[in-house]
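Peer 1: Spelled out from the first residue to the last, the chains are:
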Amino acid sequence: MPSIIFKDTKKNIELLSKKAPVGYAIDADVKPGVTEAYVTFDKKVFPYRLRISGIDEYKEGSSAVEKKKAGLMTILAVQSVESIDPVPVSQFRKGKKKLGEFKDFEEVELPRIQVVEKAAYLDALSHDVKEILAIAGKKKIELSISLAEQLAKYKKSLSQKQFDELMGRVGRDLESKRIDPFEAVGIIAAQSIGEPGTQMTMRTFHFAGVREMNVTLGLPRLIEIVDARRIPSTPSMTVYLKHEFENSEDVVMNVVKELENTTVIDVADIVTDITQMLLTIKPDHAKMSERLVNQSDLLDALAKMKGITVISDPDSKDIAVKPQQESFKRLYQVQEQLKILTIKGVPGIKRAIARIDPATQSWILYTQGSNLKEVLEIDEVDANRTFTNDIIEIAQVLGIEAARNAIYEESLRTLSEQGLEVDQRHLMLVADMMTFGGTVRAVGRQGISGRKSSVLARAAFEITTKHLLRAGLLGEVDPLTGVAENIIVGQPITLGTGAVNLVYRAFTK
Amino acid sequence: MTGGISKRIYRIQFALLSPEEIRKMSQVKVITADTYDDDGYPIERGLMDLHMGVIEPGLKCATCGGKVDECPGHFGNIELAMPVVHVGFIKEIKTLLDSTCKSCGRIKLTEDEVKSYSEKFSQYSFSSSDPEIIGLMSKKVTDEASTRMVCPHCGAQQIKIILDKPTTFREEGIKVTPKEIRERLERIPDDDLQFFGLNHEVARPEWMVLTVLPVPPINVRPSITLETGERSEDDLTHKLVDIIRISQRLRESRDNGSPQLIIEDLWDLLQFHVTTYFDNQTAGIPPARHRSGRALKTLVQRLKGKEGRFRSNLSGKRVNFSARTVISPEPFLSINEVGVPEKAARELTVPVTVNIFNIDHVREVVARGPEPRDEFGKYLAGVNYIIRPDGRRIKLTAQNAEENAKRVEPGWIVERQLTEGDIVLFNRQPSLHRMSMMGHTVRILSGQTFRFNLAVCTPYNADFDGDEMNLHIVQKEEARAEARIIMKVQEQIMSPRFGGPIIGGIHDHITAMFLLTHGNPLFPEAQTVHMLSYLKLNRMPPVEVVGGKKFYRGRDIFSLILPEGLNLKFPSKLCSSAKEKCDFEIEPIDKDVYIINGKMTHGTIDEAAVGSFSGEIIDKIFRKYGSEEAAQFIDRMTRLGVAFISGRGFSTGINDYDIPESAIARIEEISQQAIDRTDKLVETYRAGQLQPAPGRSVEDTLEIEILSTTGSVRDESGKIASAFLGLSNPSVIMARSGARAKMLNISEVAGMVGQQSVRGGRLNRGYYGRTLPHFKTEDIGAMARGFVKSSYKEGLNPLEYFMHSIGGREGLVDIAVRTSRSGYMQRRLINAFEDLKVDDSLRVQDTVGAVIQFKYGEDGVDPTRSDKGETVDVDYLAFDLENEEVQ
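From first to last, the protein sequence lines stand for chains A and B.
Each residue of the first sequence is one higher than the last, beginning at 44 in the numbering used here.
Each residue of the second sequence is one higher than the last, beginning at 186 in the numbering used here.
Simulated from the structure, these hints should not be mistaken for lab results.
One should not assume that every hint holds.
[Said to hold, decoys possible] Short, incomplete list of chain B residues facing chain A, as computed with Cβ under 8 Å: (1) I194; (2) P401; (3) L617; (4) M654; (5) Y986; (6) V1029; (7) E1043; (8) T1056.
All C-beta atoms in this analysis are idealised placements derived from N, C-alpha and C, irrespective of residue type, glycine included.
Taking the hints into account, I'd like the entire structure generated from these sequences.
Peer 2: Laid out in structure tokens, this is it:
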């Protein structure tokens, strides 16, 4: 579905949103069929969307709002003006390509994540499974689909009587396995994760399948996850390609090239000549070929840099760079800027390594450094499978539910990599507890523990005096509902058997 | 506490103490800086005034008339000559002064702003909202107000106030006295206080400047009498002495008109003393010290940190009715039991409330006295104390026992000594999970140690190299019921961590089961009977007659302890890596253990069947037959194991690692090859011809290559060595059955120790360019970097021994660092998650009722009861069903 994008003034948009629905006269020719328009003020992000119900030719003297005084061509029937999460210009596509130069008006496509309605999951199930679920429903057994699928295997091999008995047993088993009300699941989860911590290795670095890559594992990684560290000590991504590309080595190598962030200093030496006020870039060809960079990439990158004159000599590979403003300070600045000038690649990705996954025989890329947002925008990348070990980044890019899953997956991976069995339910609880507030909160005084409702519980954990003094000023009331505070005052806690009150009334005559 | 009705505290309100309140709760105005007179009697209106409580037996509290343990203590007060600021509130005072007008006292916001902000603030209740949010809101408001240099209300010009840490305020270099600060704070109207996060119902800002100081009760700061008869005062008392002295001097100087300079000096000194009285670690102030040079422990220090009041006395409390001693093993006890030494049992008591049903029995027990024994000299439980309904305790002696027995009436409490069958809690620290404290029933044993079944070592993580454990006697009926129903060892067989058994056979139990069942050997009748005599069984396995003599099959003997109707099939640990046929079994079918209707027909019992963490049989018995049956199986299995292995004998020695000369030569050869290959790699590297691996430096590549060379040579030597060490070798039996050690350890003894490492790389530190002076600098060959080509059996040469020690040291450091790091992580985890509970509709909630999960674990299944994490093991249920039908 085509959309249009154009630059406008804030004043116009405010006027539109006040008057909508209204006609809006603009200075461009719009093809029919357009239903949305995105508006930018700064040519970078598009914070407004106009819903368009019709397009008309502009005639002088119509009652429409006018974008500007002259050159008006079309009237858009604006249904409504919506303020949206700003869409960056890079999201728009012209044909199949990214939008290159954006002037004031463009007819574009905005590819969205396609939500394909799968046939309802239940319909997709086999006949047997459906039947089993129906019977279970009648018998009031809370059977999950996966269990029904497992049961279906025995539908044929067992007699009807046996099968009924089996189903009965599954039902009884489920019943008996249900968690007891008021169980202290939090403490159990904390113990179950904490206890094997003593058995984990401390060794920070380990090879994760790829020899060239170091990834933090073991106890330090677990602590890192639980701490919700802003940046993990070894950020890394696992990048999958779309199925049509994942077996083609050429595409893979191209993606590697596109991923790896190569700066000038990575492939060349920079020599400063103070007398000439000149910087000479001496490319190292071995490094360049290793990084898949050629001379023209280098020149392209230099061309984008402002405030310098590039003097390239066709006879020599060396490139001379001269600051336009002649001063030592400027010379130094330019030198520093040159060093970190990105020739190509995604910022933050230091290395990318491609490996064939032995299980599926297809290519997987592993990166050192992480930049989820930009990597997902690469066309060949399969956004559904690609992930990073930076949980906070996942929360920012994909949202809190994704972060919750990331915490769960990462902690599960860290523990099972060490050969430690920990029930998934504990890890789920940790992940849910860390994220249920909508942001990723750390376990510890900065996060969950610092936000407890009880003064005494907070005081007993860390920074005792601060909490007590603060409580006095606010006149806080400790409701004594948690565990720590009730232990402090010497009362039964409110979990498990302490959560229920039984009163015995003796018989009276 | 005999009534059984206890009150419950429902909430605690925090507030600031106002001067009026301090005076109101004060029982005495302390004016003398002295404590006791020459006779050792508390001086009136001194710091040890009897109105503030008593600590000496014999004296009575002047306020409540209570004696030492009866009087809770009462506050006194000190009137300070001049006001001083409270260190804990310095930051708040600063923002208050910054954001309010110095002349009219209003917050420096326009009326409109005040209106809009107070609307925002009114949405939050100060007493119950998150203090962080209020803090953030008030910061925003006060930041805005503090930048205004003209008061919007009265138009007065404002002067910037600078805080000269820790407690001095200056205005354009001139000191603002606490007195003036107090006056300014007084001017702030109640309505403006909300913007500072102050609840005007409980806190007025001027209360942060102290004019009167509460003196804590004597119970809080008891003086101690040394052996020499000398009195030694508590740190707080010392500090209070200082405060009173200086306050008095300040008052005198002020009243007789001393120069301003002297008054100011004394005022500052008073401020110092009051500051250190609160917090002796205030930044910017030298800590007040004791005469000996030790820094005083004042109020904040008493509360803070691991040894502080909160963590050391409130979150964890010392208890009576507990015991601690060394532990040792006792294979003839059930896993549910604990052996308690007589000496401990005589001290530990259970309170028995006398009623009409038990009075005859109780009288009988009381009459026995404090140290009864039966006719054979065996321990009998006696009574130590009798408690009368009025709370008086009567100590029972052999002399007064008979007489007291008659006096016992319903309603009295008798403290009966521990007896067999009592339920107690047994604990080993560190208590990392709930299985670190379990309920045991008591067995009274002679000796000095606590004893228990070896299968219980795993949950406690105990060994017997000097470990000590704690025992607690539960004192109430409710507690005993919970201990029996919830905490008893047999109820804790399943670990909530992974939903499998954590209690099971260890070491010899596994070896024994392996030897008993591997290859299904025949045992002569005598041996079989001996074995079975350890078990309380009334049946024998089917007999097999060979050459006229009676024999019994190992698997049949094992089957005796299995519950009837058990159906099971699983791969043994021995054959866990085998696909079709297992190398260690003759028949392919023996790859898996088959148990049909409680009879074991194929396979080998080893760690996978009966071990802790993995024991498949224990797991299935627990699920199908319950905890009682599972405990019985473990009891019988361990007993059978001990019976069998102590009869058969089992040991390993150095000659078990003998391998033929040819094999030794072969190992020597490959290790030399590895050294040569390393040298060659180094040569290539030196020549600059080594191709770096992608993304790695040449040096890294070299190290990786060398590591993989030396690593593979160790594996290879292990293979060569273990080719000569078959399943007849005791060490191999232990390794293969999972009883102890791994094959790797055996190959280290018989084959080669291999490359030593620090931080995942070869050893490289020490001297300049070399690890030891025995090598040339820059020698990066195999031997110079910690390659140990000898085996343990052969012995390490001094250089290798040294290298090996380096690697060993890293392991030790690692453990030390790890325990503290993971300990802290667990503390944080527990603290963050302790309040979560499942409600009656399977939702997970926290204390304020926020829902964390709508169905616990997405399926509402207790991980303890799950099938190794799975909701239901349908395959097993089907297998079980099919086999039941067959019979």
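Peer 1: Hints broken by the structure, by number, lowest first?
Peer 2: 2, 4 and 5
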